[in-house]
Structure formats: C-alpha cells, structure tokens
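Using the hints provided, position chains L, P and R with the ligands relative to the given structure of chain Z.
From first to last, the protein sequence lines stand for chains Z, L, P and R.
Note that our numbering numbers the first sequence so that position 227 is 227, with each residue one more than the last.
Note that our numbering numbers the second sequence so that position 198 is 198, with each residue one more than the last.
Note that our numbering numbers the third sequence so that position 30 is 30, with each residue one more than the last.
Note that our numbering numbers the fourth sequence so that position 50 is 50, with each residue one more than the last.
What the hints contain is simulated information worked out from the structure, not anything from laboratory work.
Wrong hints could be hidden among the right ones.
What the hints assert, rightly or not - Pairs of lysine-lysine, DSSO-like flavour, derived with a Cα cap of 30 Å:
1) P:46 x L:337
2) L:28 x P:264
3) L:28 x Z:60
4) Z:232 x Z:207
5) P:234 x L:337
6) Z:97 x L:175
7) P:264 x L:136
8) R:325 x P:159
9) P:46 x P:234
10) Z:178 x Z:232
11) R:325 x L:136
12) Z:246 x Z:139
13) Z:94 x L:175
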Amino acid sequence: GCGGGDDAGSGNGGGGDDKITLGFSQVGAESGWRTANTKSIQESAASAGIDLKFSDAQGKQENQIKAIRNFITQRVDVIAFSPVVESGWSTVLKEAKDAGIPVILTDRAIDDPDTSLYKTFIGSDFVEEGKKAGDWLVKEYNGKTDPVNIVELQGTPGAAPANDRKSGFADVIKADTKFKVVASQTGQFTRTDGKAVMETFLKSQPKIDVLYAHNDDMGLGAIEAIEAAGKKPGTDIKIITVDAVKDGMTALSEGKINFIVECSPLLGPQLMDLVKKVNNGETIPQRVLTEETTFTPEQAKEVLADRKY
Amino acid sequence: MIDVTTPPTPQRNRPLLGAKRVYKANTKHIPVLATLVLLVVMYSVGVYNYDGFGDTQVVLNVFVDNAFLLVVAVGMTYVILTGGIDLSVGAVIALTTTVAATLLEAGWPAGVVLPLALLIGTVLGLGMGCVIHFFKVEPFIATLAGMFLARGLSLLINRNSIPITNDFWTQMAQKRFRFDDGVFISLNVVIAVIVVVLAALVLAWTRFGRNIYAIGGNADSALLMGLPVGRTRIAVYTFSGFCASLGGVLYSFYTSSGYSLHGQGLELDAIAAVVIGGVLLTGGSGYVLGTVLGVLVLGLIQTIITFQGDLNSWWTRIVVGILLFAFIVLQRLVTRKAK
Amino acid sequence: MVLQMTGIRKVFPGVVALDGVDFRLLPGEIHALMGENGAGKSTLIKVLTGVYDIDGGQIELAGEQVRFTGPLQAQQAGISTVYQEVNLCPNLSVAENIFIGREPRRFGRIHWSEMRKRAHTSLARLDLDIDVSAQLDSYSLAIQQMVAIARATDVGNTKVLILDEPTSSLDASEVEQLFAVMRRLKDENVAILFVSHFLDQVYEIADRMTVLRNGRLIGEYRTAELPQMQLVSKMIGKDLEALEQIEEHAREAPRQETKIIEAKGLGRTGSIAPFDLTIHAGEVVGLAGLLGSGRTELARLLFGADRPDSGELDVDGTPAKFHSPRDAMTKGIAFSSENRRTEGIIGELTVRENIILALQAARGWTRPIPRRRQDELVDKYVKALQIRPADPERLVRDLSGGNQQKVLLARWLITEPRLLIIDEPTRGIDVGAKAEIQRLVAELADGGMAVLFVSAELEEVLRLSHKIEVLRDRRLVEELVNTDDVDADRIMQTIASGTTGATP
Amino acid sequence: MTNLLRHRLFWPIAVLVVLLASNLVFSNNFFTITLQDGHLYGSLIDILRRSAPLVLVALGMTLVISTGGIDLSVGSVMAISGALACLLIGDLSNPDSTTSVLLVVGAAIALCLVFGLWNGFLVAVLGIQPIIATLILMVAGRGVAQLITDGQILNVHSAPYRVIGAGYFLAVPVSFLIAAAAVALTVALTRRTALGLLLESVGGSPTASRLAGIRARRITIMVYVFAAAFAGVAGLIYSSDVSSADSNAAGNLIELNAILAVVLGGTALTGGRFSIAGSVLGAVIITTLDITAVSVGVPVETTLLFKAIVVIILCLAQSPTFRAKVFGRFATKKAATREAVAA
Ligand SMILES: Nc1ncnc2c1ncn2[C@@H]1O[C@H](COP(=O)(O)OP(=O)(O)OP(=O)(O)O)[C@@H](O)[C@H]1O
Ligand SMILES: Nc1ncnc2c1ncn2[C@@H]1O[C@H](COP(=O)(O)OP(=O)(O)OP(=O)(O)O)[C@@H](O)[C@H]1O
Ligand SMILES: [Mg+2]
Ligand SMILES: [Mg+2]
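One chain only, chain Z, in its complex shape (with noise of 0.2 Å):
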C-alpha cells in the first residue's frame, strides 16, 4: 500500500489545510449507551479539530460496508467504526487498505485472522464484562450453599453484546452448580420488553433471587415490574446489569439495582488521539482497552453527580 499511502496524502494536502478528515461509520441510535457513543466522538472530534464524516448504519452491515466503501472514494484521512457484527469485514477492509486509509475498529471487535487489515481496536470486551457480573455474583452468595434462582434479560437475540455478556456470565456460574438460571429471555435491550418478560417471569417462576440484565434499560424496566408485584428490587431480588448509563446508576445509588458492570460509550478523546497518531504514522499497540469499571451502590453515589450520559 505504498503508492496508496501517497495518494491519500495528496488528498490531503489538495485540501488546502491540514485538517484530517475522519470518517466514522456508528452501528446506529439503538440504545442510549449509542447516542452518548455517537456523542463523545462527534464533541472530541470537533475539539480535536478533526474534520469528521458521520454515518448512521441503521443497525445494519450492508450500511456500513457501503459506508466504508464511499469514505474511500471520498478519499478520508482515516476510518473509523464500530462494527455491526464481527465477521464479514474482510473484503471492505483490504479495499482500504488498498487505498491506503488506515482503519481503526472501536467499541466491537471484528473476527478476521487477518489483523494487517485494521491499525488498532479501540472498546470493551463483552465477554469480560459477563465474567465481571458473573464473579460479583459468585462473590456475593460466597459461602451460602442454597440453591440460586437466576433470571436473565438477553439483549437483541444475535447481537454481539448479548451473546457475549451471556456467555462471558455462563462461564463464570456454571463452576458452582447452586447458581441456577431458571429461565432466559429476550429484552431486547429496552425498557418496555424488559419489564414485559420481568413481568411474565414474576408468575411463572415461583422464586426469583437474582435478575441479571445485558443492559441498564432492561434492568430498570424489570425493577418497575418487580416493584409492581409488590416485591423490593435489590433486596428480595438481587439485580446485576451492565452499562452503567446515568439512569442506571441513580438506581445503583438508590439501591434498587446491585451491581453495574461499566461498559463505557465515551470512546471519543481516546479514538481522536489514536486517529492524530496513525494519521502522523506513529505506531500504536493492537488493542487499545477503555478503562472501564464496576460499580456498587456506594461507588454509584460518589460518581453520580458528574455522570454525563
């Protein structure tokens, strides 16, 4: 790709100033967490002076891909984006590799062998923060040897997210044959399904001591139908969920949820100051972690009053 490498630099330069043009393809406006996403990198790119190009994929691959593919023909500096699924990327990518453009994943993981195609990934690790809920859990019923009834809310059947925050979860319970989910359905990551299978659940299964929820909205939903069965959320039903968005974390701080597993959408600073570095050629590492953490209830009350999202 070293003639590629020339023209985008001529691109750039024909430009007038030296401004580097991003383009960033977002998955979508699914969820709040996405919003805040789409957001922090917007603002820091703005800050950063970076010349950013948006594309809302709509949830869908065939988007992105078409997306990637004008940035190249555009000629951008640099792409960015958050893959919609994990595979499937391969042939995109060697086309701006072709052209050049070095390319930057953020927030997803992409699952080709072929690790030249893309300079660095920038995100979360779903898997790890399934094993983060499941190691509070094991933690927390330390020691007690009667049986724990588990419900689980699983995000949209097939989303990244939500195959992987069960599994990661799985992984960690299934060492101690007392943790038991009873039953698993889908909430597709929102409020409203949320509390509708919470709802059904409270009837159909007849003890419930831990709800653990792929997202905070699921959650939030399913503590409105638990207050509605007459039952206290936090206490007589131990709730985990992962995100930590700012309605989440004042239920944290209020008691009602237990335990948030953080899955941070402010990816933008971290993604502006790697795009300066790989635009000037420096090197950077493979994998760039955000920095991501769990809350309790008392964690939750010191940060809230500066939670933003």
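For chains L, P and R with the ligands alone, coordinates are given in the frame of chain Z:
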C-alpha cells in the same frame, strides 16, 4: 328490424385513433421515464454539491453495494406484478448466509454448499406459493410466517455471526472487473445484471411473463381465460424465493459472513424499490427496469447522505424521508401531468 | 352428440342453482339456453367448464365422460367460452387479450408483430378495426365484449363454443357480425351454446333451445316449433302481455316545460365534441348511436364523472360546475353506469347495502339510514324489480348478472332523482323484468322525473323516448322528436348520412 | 355445531383458547388472579394490559386496511407521541398536575392528528400508493422522535402520566380501559353511523364508490387520521408504562404485528369487509403468544419459530379450502346440502 344492410363503417377508421395510439403506448412508460429523469436530476444535484460525487466509481459503487438488493427486488417485482407480496426475502437472506457459512465452516465443499444455499429459498418460496394458491391464504400472512420461520431457523442454527473463510467464497467476494484505475465492479454486479436482463426478457417475451401480468390485472378473469393461474403463482413465489437465496449468496460474498440478523428490514427496501420504480402494488403494471431505477434511487439517497457526512443519526432518517418524499411527489406530479 | 350433460346438480350455500338439469348439444347446431335472470344458465356453463365443482350428475364430451377442474382443461378439451360479463385483463393490450395463453411464438419467444397482425385479422372478421396494441381498458365495454368474442372464436380446435350473453351491449350491426361468424363456425361443425335475453336474436340464429326455470329443466325445443309468446311463458311460468302497452303510453306523455339541465357547448377533448342539450322535467331523452359513438361519454359528462373542458352546464337555470359525481347528486342527478362489474356493484357488500349506498352517500356518514327504513326501501324495490333470490342479506357478488343490474337500478331509484341517467339499464335483463323496467321508467317520467336513457337496443330507445339524440363519431349530430314517422331506419339513416343537424 | 365452526371468529378464538390452555399445562399459576396493592394482578391481567397498544394500533390499521390502504408509519407515530409527551412533561413546572398532563397528552395527540392528515393527504389527494406514502413518515418519523429526545431515553416523573400506561382504575388497568374505550368508539363510529358501510364500499371498489357519490377522498383522509390518533395514544401508553420515552424502541415493528392482527381477525388486505372484533382478537392472540413464549419458557432461539408455527396453523385453520382438503370434501358437502335444504 333495424336496417343493417347499410352499416356505417367509414367513421370507424378515425384519424383520432391513430393519434391516441401513440399517446397510449407512452402512458405505460411514463412512471419509468419520470423515475429516470428524476434520478438524473438527483444525481446532478449530487455532483453539483459534493466533491468527488461525479466519479464514475460512485455510480458503480451504488451497484456494487446494492447488487443483492437488486436481485431480491427483481424477484419481488414478479410477485408484486401478480398482485402479491413477499415479506420473507430479508429472512431468507439471513437463512441462506447462515446455512452457507455453517456448512462451509464444517468443511463442506463450496460446490455442494452453493446449490444447497440456492435451494433453501427456492423450496421455501415453493412452499409459500403452494400455501397461497392451494389454501387461499393471503400472501402477506403466508410470507410473514415464512419470514418468522426463516429467521427463526437461522437463529436456531447459530445466533452468532459466522465468518466465511472458504477459498471459493473469498475469491468470489474479491473478484473485481476493473475498467480503469480505481474504476471497477464486483462479481455481484455482474450476476445481478444477468438476473435483471433475464428477468426482464422473461417478463416481456414469454408466456409465463405475460401470464404474470394477466394475473395481476385480474386473477379471476385470468382463470376464466384458461390461464394456468395456480402454476404461475406458485412459480412466481418460487422465483422470488430463489432470488432471495441468490441475494443471500451475493450477500455472503459481500460480507463474507453468515448471520441470523443479516438483511433485517430488507424486504421493505425491496418493496420500496419496486414501488418507486413505478410498479403498482395492486399488480399488473410495471417493469423490471423500473425496479432497477428504484434500487438506484434508494442507493443514491444513501450515497448523498454519506457524502453530506455531517448528519447525525436522526437527521439521517429525516433527510432520507425528505428525499424520498420529494422524489415520490415529483414523480407523482410528473406522471399525472403527462397523463 | 358432442356434449351431453345429465342430471346436473349444483348447490350454493342457501341456493340450489341447478337441480337435475339435462342438456345436449349437437355438432353444427346453435343452441340457445333460455331462462329468466337467475335461472341457472351461467351456472350451467361454469359447471360445464370446470369453474365450479359439480354436486351431482355427469358430463360427456364426445362420448367420453369428463370432469374439468378448471377453464384451462376445458379449453384444452376444445371448449371455448365467453363468460357473462367481460372477463379479460384490463391492463393488457387488446391483442394480448385475444391471444394470451396461446401467443404465436418464434424462437421460443412471443412473436409480437405476428400476434398484432393476427389480432387485427381476428377483429376484422367481426368488422372491428381498432388499435390492437392499446390497453384494453381504454375501450368501451362494447368493444371489450367484441374482443372477448374474438378471443373465443379464434381458437383452432374448438368443438364447442359457448357464448354467455355476448350481445348484451352490442349494437345491431355488431350482433350481425357476430352472427355471421357463428354461422361460419356452425358450417365448420362447431356446436354453439348461445345465451341471450334478446328473443329476436335467439329466433334469428338458434336451431334449438333449452329452457331453464329456477334451476330446473323445463324442456328442449326446436326454435321453429316454439312461438315467442310460448317461450316466454315457459321461461317465466306465466303469460306476459305488458310489452305492448308501454309504446302507446310513453309516446303520448305530455311534455313539461321546466328545464332541468341545459348543456351549452359542453365537451371534453378526446371523448366528446361540444354539444348542446336540454332536458326537461318529465321528459325521456334517448341517446342513439353506434358502438363507441360517445353516448356513455356524454352521459358521464352530465354527471360529473368526467370533467368537461369546455362549455357550461346550467341546472335549473343557474350555472353549475360538477367536480365529482357527488356534486351532481346534490342537484338531483343520478347515473347508473353501463359497466356494472367495475363501476356499479360492490361485490362483497350485500344487496341491501348496495341498494342504499347512493342514498347513504348523499346523506353523509353521520346520518345513517335507520335500519327499519332501509329494510322498507329495499323490500319495496326487491319486489318491484323482482330481484331474485329476494334475500337482501345475500352478497351481490353471488347474484346472477341480470339481478345485479336490477340492484343497481334500485340504488338510484331510491334516491328519487330529478334526472335519472341510465346507461344500458336493461343489459342482461330478462324479458319480463325488462318490460317491468321500461314501465317503471315511463311511470317515473309521468311523475315528473327526467330520464336520459342510453341503450344499444334501438327499439327500446324508440319505445320509451320523447326525443332522441343521435350521436356519431363522438359528436351529437341530430335531435329527433320521437313522432310517429321516426323509426329505427330513420335513425340509422341519420347516423349513416352524417347530416349535421342541431349541433354546433 | 357446523354453524359454530363456520363462524368467522371461530378459529382465532380456538387458537387463543389453545394458547391459554398450553399455559395451564406448561406454566405455573397462569390463571391465578390476586389483588395486589389494590389492583388486580396476574398473567391474564398482563395480557389485557399488554394488548392495549397493539389493540389500538390494530384498530386504526383495520380502518385503513378496509379502504384498501396500509399504514406503515404507526410505529414512528407512536415514538413521536411518546417523545413529545415526555419532553413537554419534563418542562412542566409541576409534572404532578393532572391538568397540565392532560394538556400535554392533548398536544401529543394533536401532533399525531397532523401526521395522520399528512398521510391521508399523500394517499388521497396526491394519489401516492399507501405503502410508499406512509413509508416516508415511517422513516422520517423515527428521526423526528429521536430529534425530540436528542437520541436519549427521556425520563419523566409524573404520577398522572404514569397512570395512562401503568395505573389502575377500580383495580382494572387503565391502559386496558383506554383500549376498551377505543374499541367501543370505533365500533360506534363504524356501525352506528354509516361510516363502516362507506369504508367497506370504498375498499371494495373505489371507482364504483365514487360513482355512487361517496366522498372517498375525505373518508380516506379520515381513516389515516384515526390510525395516527390511535397510534399516538398507543405511544402514550407505551411510554407511560415505563415513564420514559425511548424513541428508538417505541413501536418498533408494531406495524407488522398490527397488520398480522388485522388479517388473523379475518379482514382481507385488499380492502372491503372488515371485522373490528376480529382485529382485537388478533391483537390479543399475538400478545398472548408473546407472553406464552416467555411463561412456558420457549428458548430465545426458538421463539420466532414458535410464532411462525402458530401463525401457520391459524392461517391454515382459517382457510376453508385447507379444511375441506384435510377434513375431506364429504363433510363440507353434506353441511352445504343440509343448509341448502333448510333455506
Ligand atoms: N357464487 C355463487 N354463490 C352463491 N349463489 C350463486 C353463485 N353464483 C350464482 N348463484 C346463484 O345461482 C342462481 C343461478 O345464477 P346464474 O348466474 O346461473 O343465473 P343466470 O341464469 O345466468 O341469470 P342471468 O340471466 O341474470 O345471468 C342465482 O340464484 C344466483 O343467485
Ligand atoms: N373504433 C372504436 N369504436 C368504438 N369505440 C372506440 C373505438 N376506438 C376507441 N373507442 C373507445 O370507446 C369509447 C367510446 O365511447 P363511449 O363509451 O361513450 O361509447 P358508447 O357510445 O357508449 O358506445 P358503447 O358503449 O356501445 O361502446 C371511448 O372511450 C373510446 O376510447
Ligand atoms: Mg348469467
Ligand atoms: Mg356505452
């Protein structure tokens, strides 16, 4: 009795009729022509407003990126021409890619997987066609059930996205026909174009094609005229299923993966493309060429949005809506004026 | 014997349409199937050609027992059919409608130019010269009917030709062309089954006839041996004398001098040249002309179904502009279309709903007609027009063609219009009911209603009208006051000679 | 007995009964209804409550379909109405004041009426094919909803607003009462006035209707306005249920479910005859199906298959040809004869 020995025949050959003839022949083409003209206008607006929009590759990319949609929309055109609808196409794409990817991953040779993949949609289409014809179930519902079924099956097979690393597939995916430096089309485009041409020819030149129009015009009459209504109808859904499967194969070339969530909402895109191309949803009127234009319109709208580049998610939707609106209303007004 | 049907039985939910009917058809004969509206003629045809399943009985074609599962099979077995109502595809060209299913092909593809050429010849045989590549629905119903006939008579291996009311909207000259074709086929030994409510036509062409009444066989007769009056009484089960009186009655009706509408240079390019026309209260105005002469188009303009692009229209002496049929209705104008299947009935609604539809539309949706009133009105007209079966809750779709026509008429009569425009109101209606309708028109006119009467049957126009507007070439060429010296010949001469009389 | 079998709604009801019965076998306490915090509580009550938005949307859809149209934009309209309501309530100085909340609700529905007019205008005045005309609003409308909420989930804390979707009146869910009122209103509107007849006539044959003097244009516009208004109310219920507006999820794919409900209820998509009771039943079946899948514990992967199978069974059961072919021609023929003799 009336005196019929002096039949006043001369006034029958009216010059007026001759004039009317030329005029009538055109009215059927007006929707397609209007679409074409507006498409050109839209393209020119794009070229005028955005740097690099005028590149040949931009247009070719619309084809490259929508080849599978084009194939699916062609099948949909047939179905809609008979007055039906096929909602299962998006899900069939998902099922095809999932099955293909799973089998390839399991080490099956491409030579076996490919025909199998193509068979999936064809068989499903045949089944839906039979249900629609023999049991008089509404196409909307029969194909909606087909949609649930196909998507459900692919979800059951594997909920994760499966990469395809098979050599044949990779070759097909990366096959490029280059015309010039940086000007190329993919294999998918070639396949899609072949499908379009064949479909258009069949529609215009064969009995099967004409029967489709007849059924769309009036199915009861077609039956009384002694046309093979049932056979044609079943064939049409089978064909649409085949196209969806072929679309699925192209999709798997395009993305090198199989995934149960592929092609979500694609049925609506296909229907929209067909209808924008001037095909009447009630059946009996329209052309495959119109459908091609319809796909181009959708593709071009998306390209414009990408070139605009500063729209956030919601403005993207709103602008797509506005462009669609402007296009359809203009098309409607032009067509109406001409008539 | 080409065809023998024995003991045919067909039951629809709630009706026994055919009960033990026998029917035979000999090669080289023209056989008329006679019966009142709803007698079961069309059903017998549909049973024969496999549109409906049989509930009992047997069919033998050329000595072999057959049971078709659909028209396609029947066609392949050599039965060619024109069903009642035009059953063609409006979205296809005329040529395609004639040839679809058996298009001429070359190199495996349809040979379009050959097809057009053959369509042209095939229509020419019926003395029709139209543009065969134009879409079917750009032509009037009568032309469509001719196209359907052309389709059926152009089949090579036909053994049996079935024509179910093929002449219902044809003019005398077209009927004559059809008969010529029928005679030719007869000479070629084709057996022809012919259904018509025009007794004159039947007596002119048929060799034998079979009479049905209420789904039962009454008998099989030689035409020459059964006088008209006897045939009628066999069909309706009682004697009929009503026909004669109307003629006297209508002609001598007094003419009133209040103008209801007055068209001044009203016209629409491409459909009818500007014309002047005045209609007074209590007057029956007939429109006469040939196929496609513009009668229907004139009527539609007066009703606002199409918009005029020149001239003006006064209603009650004040200028009126109709943007839609609704506007005309508010002025007391009613219009019953000739095309009952696509512009008249609403098949999936019941008889009652179809009848009250126009009245209800006029009242607006907020003021429903009370159910009791509906039943009264509907009952009255079901009786007056002898709609059968006399069940107002039956779907109109399931009624026989003639009865559907009566329903349409009833729809407009209950709105009590001041000007009733009826386009081919007696199309497909049996002799008894036709007389009834004619009497009704005459009566209404006596009561002060103006009637614009359009019919392809010139005698009928002559019998009823006070004055006759003659159209030719989509131009109103002359107005004739219907005095004793006006007769069919005189009108035909007017049309043929092309004298431009009262028109601009 | 045959009469019962022939009734239009027999098969939908039968499927509903089977679904409920399967709960009796496969899940616990499905039929228990208790009094919890002064309101009824139980799975059956959930079905009533959860059906409400779909019933509302299906009602509007029924009217639209009866004219031969279709409305794809209902989901987006739902999203907009919820979003606007939540936005306005968020700006209220006192979100717990019933009057202000009522005003907000009025405003949201008024906006939906405008959208309905828009759809009606495109279809009836410009003569654009309904599916494409409403597709415009389907695409753009969701964008508008996201614009209103800025892509975030808007939370509201308003007791009166909460009542709409999650509250109870005399121990009965308010959302159910709203849906019931809407059904009553629609029935009254279509069957007590002549609207139903005129709709069926327009759907049955637009040309014939025009010539019969029906103002098809006006009626068509009205129908889209109704659909949008009902969708708007559904959107309020949806958002009030969780006291927040999620403009991305609200009403997602509801148009498909609503159309499914309408068709399951025996209304043909080609227009004409419609059955409100059928559509309501269809909506309840779909909700019951969803709830049953969860309560019986159908795995996520197979839920869609489960749904597909039920839909297929119901469709086939409703098809007279299928019954005739499967249960033998003999039975139907005998029944027909008997009926004919009786008549
Ligand atoms: N599909 C149907 N369903 C129910 N009843 C029907 C159906 N078709 C016809 N009938 C009934 O069968 C009887 C015979 O109808 P048919 O159409 O054969 O009459 P016809 O002799 O052709 O009358 P016409 O001269 O008016 O055309 C009528 O009473 C009619 O109502
Ligand atoms: N050669 C033709 N002969 C008759 N009609 C034609 C011919 N060519 C075209 N037409 C079409 O037929 C229609 C004739 O108008 P209209 O329906 O008013 O005729 P009409 O006098 O009512 O005759 P009828 O109904 O008996 O055909 C027009 O719509 C015209 O387009
Ligand atoms: Mg008949
Ligand atoms: Mg006429």
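Results of checking the hints against the structure:
no.: 1; hint: P:46 x L:337; in the structure: 43 Å, violated
no.: 2; hint: L:28 x P:264; in the structure: 35 Å, violated
no.: 3; hint: L:28 x Z:60; in the structure: 36 Å, violated
no.: 4; hint: Z:232 x Z:207; in the structure: 14 Å, holds
no.: 5; hint: P:234 x L:337; in the structure: 57 Å, violated
no.: 6; hint: Z:97 x L:175; in the structure: 16 Å, holds
no.: 7; hint: P:264 x L:136; in the structure: 53 Å, violated
no.: 8; hint: R:325 x P:159; in the structure: 33 Å, violated
no.: 9; hint: P:46 x P:234; in the structure: 23 Å, holds
no.: 10; hint: Z:178 x Z:232; in the structure: 23 Å, holds
no.: 11; hint: R:325 x L:136; in the structure: 12 Å, holds
no.: 12; hint: Z:246 x Z:139; in the structure: 25 Å, holds
no.: 13; hint: Z:94 x L:175; in the structure: 12 Å, holds
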